[in-house]
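Engineer: Spelled out from the first residue to the last, the chains are:
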Amino acid sequence: MNILLFLLLFHAAMSLVFAVLPPNAFRNMLVRISAALIAAGSVCAAVVFNGHDQFFKVEFPYIDMFFFGGEMLLSLFLLYKCIGIKRREWYIPVLIIAQAGIMAYCELSGAMPKVENALYIDNFSVIMALIIGIVGSLICFYATSYMRDYHHHNPQMKDRQRSFFFILFFFLSAMFGVVFANNLAWLYLFWEITTLSSFILIGYPKTEEATRNAYLALGLNLLGGLGFAGGILYLVKFGGLHTVDLNQIITFGRINAGTLGKINSGVVLIPVVLICFAGLAKSAQMPFSSWLLGAMVAPTPVSALLHSSTMVKAGIFIIIKFAPVLQGTWAGYFLALVGGITFLLTSIIAVTQNNAKRVLAYSTIANLGLIVACAGVGTPQTLWAAVLLTIFHAVSKGLLFLGVGSIEHKIGSRDIEDMGGLIVNRPGLAVVMIVGILGMFLAPFGMLISKWACLEAFVNVKYTPLLAVLLAYGSAPTMFFWTKWMGKIVSVPGGTAKGEGRVPGDEWTALAVLAFATVATAALFPLISWASVAPYIAGLYHVESQAAAGLTQGNIIIMLILLGLMVVLPLGFLAYPKKPNYVARYLGGANIGENDSFVGAMGATQHATLRNYYLSGFFSEKKLTVAGIVLSILLIVTMFSAVKL
Amino acid sequence: MKTALWVVAWVVLAPFIGGLLAGVDRIITARMQSRVGPPVLQPFYDVLKLFGKRGNVVNAFQNFYMICFLVFVIVTGCLFFSGGDLLLTIFALAVAGVFFVLGAFSPNSPYSNIGAERELLQMMSYEPVLIIMAVGMFMVTKSWHVDAIAGFHQLLFAYLPGVFVAFLFVLTIKLRKSPFDLSMSHHGHQELVKGATTEFSGPALAVIEIAHWYENILLMGFVYLFFACNWIAAIAAVMVTYFIEIFIDNTFARLTWRFTVKSSWIVAGVFGVVNIFCVAFLIK
Amino acid sequence: MSFLKKSPWIIHYDGSSCNGCDIEVLACLTPLYDIERFGIINTGNPKHADVFLITGSINEQNADVVRTIYNQMPDPKVVAAIGICATSGGIFRECYNVKGGVDSTIPVDIYIPGCAVRPEAIIDGVVAALGVLEKKAAALASMKASA
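Residue numbers (my numbering), protein chains in the order written: chain A, 1 to 645; chain B, 1 to 284; chain C, 1 to 147.
Keep in mind the hints are simulated off the structure, nothing from the lab.
Every value quoted in this text rests on a predicted model; they were computed, and no experiment measured them.
Glycine included, every Cβ here is placed at the ideal spot set by N, Cα and C.
One thing to keep in mind: the hints can contain errors.
What the hints assert, rightly or not - Looking from chain B toward chain A, a few residues come up when the C-beta cut is under 8 Å (computed):
1) 60
2) 94
3) 116
4) 127
5) 248
6) 276
Let the sequences and hints guide you as you build the complete structure.
Structural biologist: What follows is the structure in structure tokens.
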């Protein structure tokens, strides 16, 4: 209990401190210390609570009223923020008022049921807490020196680091709330705080573009939030369930799905699907994907935070949480299809992008789509894959975003085309990026392990192998865009920008730890599965722990052997003894000197520059996005109408 | 014990069989062009010669990727021939392919760079088919494991004719045969010089060649699985398939990458996906 | 090192030839002569080639190109000058921009005169070049052993 409260409240308290401290060495030290403390706290929580699910009563007078008041205050604040909206963003205040109205109605009509245990912790919460605590803390660590350089590079921007760090820490605190709250009304407040925080962080640069994108993020997430509020309203007022106890709802949904038949399944399924709708918005699935792409305008630590450890992870957290209820239902199947379609289309779109951050954003949406697909299917194996995907994705994506941030500050560009020669110019950053990219798509690293488990599980889904087909088609472009990026990094052209100075120590610490974690999670995933994921799923589904794992033992061993090869082979390169015979690259014999120049027409000196393929004439970002939005809206409508099936 | 034997056989024999296959290929190709063609052992002479030459490099890294390519192709084959998981085999093959592409990217030469990009396009073209093939085989045999699939008592081809057609289509890409030999061709003097392998010489080129021999045998292994219930028929099917590929090689001009990607995705969809959907509905 | 003899890969460069000799070089690849019988492949890539065939004379424009291609070929390698222009400059010898035969720029191992040279002569020349290639390979090996 104390650890939980520490995790929940410490960052909230620290955020108030950072709201007043000016950006100086003392503040940075304090940021580092509190980040380290929270990381340590989450590890403690893992050690204490892993395998020991617990519920906690929060005995505090008027605590529910306090949360209700918080929700109302938040709505008021958001309404105040609506001063800045444009005419076509009229829907934002409408959504705020609708949500606040629903919550006020639930509370003030006196129908809001009491929840005995307001907080809980189980293995999945522990995993999420570790992700938030460790990856989130590393990002805070990184942010200290990054923000200094950021304002150095953008002198026209007003230095508002106080509010930046205030929100950053408040955000993390709310994320802990999301994963520990058992009372859905509380969870709702934390949920809305993450929406608010990301709104402010995205708007940090205060440019017109950033402001509009921030409002877009706000609007879409409020739409999701409306679904959440609707779910609570249904639980409280209709359907006869009369509880907002998260874990009770899940248990009831399990029993209901399993033994009592489908007669009353709508009672649970309707609110669950409504809340999953909120999850779709938060995890930026199509048709909501545009807000996450717009969020790229924010400083890199914000992107890293939104993508790896917070925000989008809140969305899939709630969907994974409800996966057992969704198992075997048509609603769950259509939810899975939303994820599958998102995975396929955004993977293809990512091929056409040359802005590193946009590639990462599309890849995030795609991978979250895969997680949603797994959760929608909701069998033990897919859930196993979904939880592991969440872990691997958080680590690798955090690493890649921070890596791109450091590269951007050094070479002055986030265009992939400018990253040529990184392997010789900045070998450290290049290795970090390669590890991150390998972690995202290649055997035997994390994401592939889960993708593999997904594929094997999808084929066993009772309907059709449609999801497996979507995955088969979606993996191919994934390989394309990651490999060509990696190819750019490892290519050795002459005369590319190296940039001035070294990467700051804080950034290095974060990068090195995350790079190590990417390899370590791949190496230790059987341990993670055995100690935490498999027991959690086995408990949920009342199956043997062995059966809950997505991969067989033999395959796990093979994966470890492959990983060993991946680690050992580069060492072989160090032993490469011979002095090679260097010659210039082949340019039809017309080379000039040792670099990439050649004799062109009329004897002029030409420089050979190479660009990757983006196939933008072949795959159209616009058309695919429109197709995705239409398809996913259709699927979501079908999902809602399939609730009664 | 049997597994170990298969693995050893793969590691030791595959390059010899692959080399012979390449030699036969060259002779048949020559005969189709009314030439005599080289001796059947010619591919071995070529590789042994390359080992005797000095390797020129553009940068110190490039050969490293190709060694990784060879290692991962061999590992992939070990997984396959030890009866391991078919999906993992396909993923491991992709790892090998990625190393090959990185090697081609590394020298930053225009020719090998375009070769690398095209190789990636080719990978993008055939990857869905390979996965759909594994899925289809699982749906019929209820196992992901190669030994169980090979031990399936009925003719797999009878269940998966569509998947086989789709696989045959991408096999042309994988064997680097015309019309899909976009990234590098066995026939020199083309617009890309030697595409992805342009900047490799001497022993490194020999390593690439050997890796391709291994790869070809592995692909023939995939073909074998479709007919595995009778080994004589299966070997005959493998030979016929390879002959068809040579025939296609000699009768088609090279096509564009657009056509390659589009057609292979459509063929995978029309033949492969429809086939596995039928299987899903018919076999419960 | 007898494998060099069994698989000589060539690269063909047209200096400033009138294309007469080029046509004859390509004729060797046709079914009539089929030099692939001897394992000879026209690679078109200096990094893969063992034998460098040059037709036509060397002029100020192409001297650098010929030198670059020669340098990019991995050892051991041989150079064959095909046709009279490549061996000595031929009738273009006195032209203002012609430097002379191939040996004015890079060392030549085999001279195959003719105008245009006949395919049989080219094949004979390449076979003779293989003998030189063998010697060079042996020299390279002994250099490696002593180093």
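Engineer: Each hint: holds or not?
Structural biologist: Evaluated hints:
| no. | hint | result |
| --- | --- | --- |
| 1 | 60 | holds (6 Å) |
| 2 | 94 | holds (6 Å) |
| 3 | 116 | holds (6 Å) |
| 4 | 127 | holds (4 Å) |
| 5 | 248 | violated (23 Å) |
| 6 | 276 | holds (6 Å) |
Hint 5 alone, counting from the list given before, is not met by this structure.
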